Amino acid sequence: MEILAGIIDNYYYMVAIILFVIGMYTMLTHSNMIKKVIAMNIMDASVFLMFVAVGYAHGSQAPIITEGNDVLYANPLPGALILTGIVVAVSVTAYALSLIVKIYRHYETCDYDEICEIRSLE
Amino acid sequence: MGLTDHFPVLIIVIFFIAAFLSPLVYRLARKFSAALILAVLTAALGMAIFLLLEVQQAGTVLYHLGGWPPPWGIELKADPLRLYILLVVLSVSLWIFIYALRDLHHELKKRVIGWYYTLYAVLVGSMSGIVLTNDLFNLFVLMEICAISACAIISIKEDRECLEASFKYLILSAMGTGCFLLGVVMLYMATGYLNYGFLQVELAEAFNYYPRNIFTAAALFIVAFGTKAALFPLHVWLPDAHASAPSPSSAMLSGVVIKIYAFALFLMFYEVFPRELLATIPLNEIILWLAGLGTLFGSIYAMLQTDLKKMLAFSSIGQIAYIFMGIGFNHDLALIGGFYHIMVHAVTKGMLFMVAGVIIYSTGIREIKDLVGIGRSLPITMVAFAIGGASMVGLPGTGGLISKWFLALSALEIGRPVFVLIILASSLLNAVYYMPIVINAFMQQEETKIEFKPVPRVMLGCMVAGIVVVVVSGFYTTPVVNLLEQSLALIF
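If you read the protein sequences in the order shown, they are chains D and S. Under my numbering, think of the first position of the first sequence as 14, with each following residue one higher. Under my numbering, think of the first position of the second sequence as 198, with each following residue one higher.
These are calculated hints, taken from the structure and not from any lab test. Since the model is a prediction, treat every value here as computed from it, not as a measurement. Even glycine gets a Cβ: it sits at the ideal position worked out from N, Cα and C.
A partial selection of chain S residues facing chain D, derived with a Cβ cut-off under 7 Å:
#1 Glu341
#2 Ala371
#3 Leu379
Okay, chain S solo, but in the shape it has when bound (with noise of 0.2 Å):
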């Protein structure tokens, strides 16, 4: 076997190796510890890219941990729709770390910004595997370690707020990690198997003999993935822990972590459970209903915010149900929709969450109202959070608008038009949120002149990168929905 055959293994491997030489080179080496991350990055997202046209040539990569064939061993799977979640994963990675560079600093204290790097990479890394990986279990133990990092970016800053709101979410993680195993012994119970493929082929058989374990393991999973990935009455922690986090690390979690987790769902649903039994019970229509209720009380607490944090963190759990809604429609243009939301919203909060931080960075504001007349001091930022704003309303010409196209379609397609008429709602809710902030930022005179210090030419350069994105992926669109056409062909 030559090196490209471990490519799978690799992409998760080098980032918990550069994890623990992170904070032994921050101490002897100071200047490269920040390049040992961004060299791992680039890394990875070579593999991932490699891995991409390898796929799409020769199909589907199964990758035996070991040499331990499955049921057994753990099993990666590398298929064109997994390689692009990783590669969405990984670049939206690279970019906030090379935005975080610069924020840090003013954010952290000294001493531990090394420790930062490594949890940086701890997270990444278990992000990449949770996508990956092809068992339950394997997928439990990643998530657990997902969770802590993710609670550990939050911590580190270590003033109040952050400590609580990183306790409650460890506390609500944990349950629903708690909920995930008891749902994985169900079906180990059931089925004897802990590997995707193996459990999907003996589930159809099992159910006629267990169906209470097969139900409760699939309720017991809505649970844990929703608290994970704040589906609506389950977000509870969402808003705390985004809005009090170092602006790079809530621009991570809103942007990538929580998304992770909404696929790891759609893989339950689409590669564990076989496709009879979602037929017999109406998951799809829990998870639908939830992301309906989610989109518009997203948008109506956002509304009610006054911490621009605060109001981003809100606005996540939003747009994080317009993905569940993709997951929820059971039809491939909802789970395009869905997918390409995952792509928007990943640039476009990462992007709505690096102009807050260099708001703060520049003039210390955390409160929308004050931010009248800052678009004269602040133009490009100002400028990154228009086009933001427009994306997560769905305007013509930003990205938002091609996921709720897709979205709309198939609700029309499938019969549904209630939820037209959610997406159309919850999309005039966000515009009443971002827009009076951009149209006060812009339009009106500051009361009082706005103290501010020159912003870093390179925080300046990813804002920019991300207004790039977000047009770019309103226009051009056809590259991404055609590999997730090709991808989704696979699973239906």
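With the rest of the complex left out, here is chain D (with noise of 0.2 Å):
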């Protein structure tokens, strides 16, 4: 019972978890490449979800401090280095659709399957 009432203490760390898992087996199994990079975004927004459920504390407001105000906030940090990785996601994400459409001109097709087929056929 304890086990169980910490995961529902803490059902916001399992949804990330399960998001990751599942950004990770699509990510490595699909043989559709647009799927793939699909999954790699799905995987880190996962963990930038759980980072930033890291820095929320119950019934916290945002980290607004002013004078003679002592309230509890939410950790601004995690927020702000999510920020980071976000813009480093945007970016291995571009750089992997351009890639699938150099390789689709060269083959056609985005299944990575049929790009294995067509290469052992040669």
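Relying on the hints, combine the two individually framed chains into one complex.
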């Protein structure tokens, strides 16, 4: 029961981990390259969600502190870091998609298995 | 603060500045674009040497970016060990770049050469950053920069194999960074710090409260860095990527890039996780056995290859495993061996890929079976190949022997003679695929006359420099070993 209560209390971590596993599984097993890139984004997003969730405390406010106003506030650092992480993920996605465009021009397919077939026939 | 105080950050930043200037310079004043990167590489090398001398006298330098002290700001750390790796990275990059100046015109379209310089500068800059940084999130960002630029120097050739290989590399390295970032989240959850030093202190205590977080993080780090550095079962991307790339890129990727990740894993285990943690879970054992299998299987796969560059790429899987073995033994002699091997293998594999590049440049041959009798047409090139092969096998008189010697010594010292056998067996396996090429190249007559065009002097000069370093590192080991002993004394 203790484990179950722990899971219910921290369900957002569980959601993030489930998303991570979905993303990783699809990325490694799916043969469609665009779906691989989408899965890569799901995986990255799950980590970002988890990171942001770490910075939040129950009932906390946005981290705007004025003098004499002593409130519980969310940790701003994970948010700032994740902003950088999102930028990085976007650039990796852009590069991956541009590679797919180029590969499509050579093989006329986005499917990795089909590409392997074409190559094995040569 | 004087200018010299800012050297740790300048080493990284000048590469990014040069990277952004390079396409512009290539368009406006084409003659100077290569000179720009050369100047930056030389300047960074000079700064690294200056820092090393300073650190040896005055102790470790900590640099706070923007004047913000840790744990809030990003910290750069320059200790002798990191500077040793940095010197290897920068000098090998400079050497390969000089080689690339001639080879690139042959392998790439003219309009992308300026962009190649950009990518090269970004790659070297991000690697210097990975070596110097003392902050996990900064490491993540630099790793992504390094991954994208490493993929891009493969895909810039724009033929089908390169595009496909770099896509595979990109996906697997994205998996690696995803795992790494998840591991960082786990550690941040448990401690609230991202700085290596703060983490190490805090993790020793947090381990009592959140053991699962920390175990998960350690496992994720092994997967992350194992994928990126091509540790044995996670190596699937490497052969295609390193074999299809333009030769200077292959030399760079196989010679330097994979080692940076092995070094980053070392930093995780020795500077982030506290020592008590390593004693409680068999992390070292996992790495050690994977590395042991890697040395054998890398060589076995390499034997089966018919393409010269593919063979060299598979051989890298076996060789990187020696470096992981050095980390896995958790013993200072083994670490000296592992880090010595970083230097030796960077030079040797760089030189071997240069040889492959010269053979392709001069004759267009890629298949191993066509290399029979080529030693008569390209004597210096094949001598370089012979010396490189000897160093891979670990014959006396080459640097490869020294690193294997240290690894075997430490295996005996901690009472694991099995690994001495593994090292010996993998050396023999290396000999099985390197030596026939050398023997065939020199001893036999070619069946059909090989057409070859003359090799530029710069490329030959680079290979001669490689030969000199490989041979000298086999005889004159004291300065490097002393430096490593002194720097590892700070960690152990």
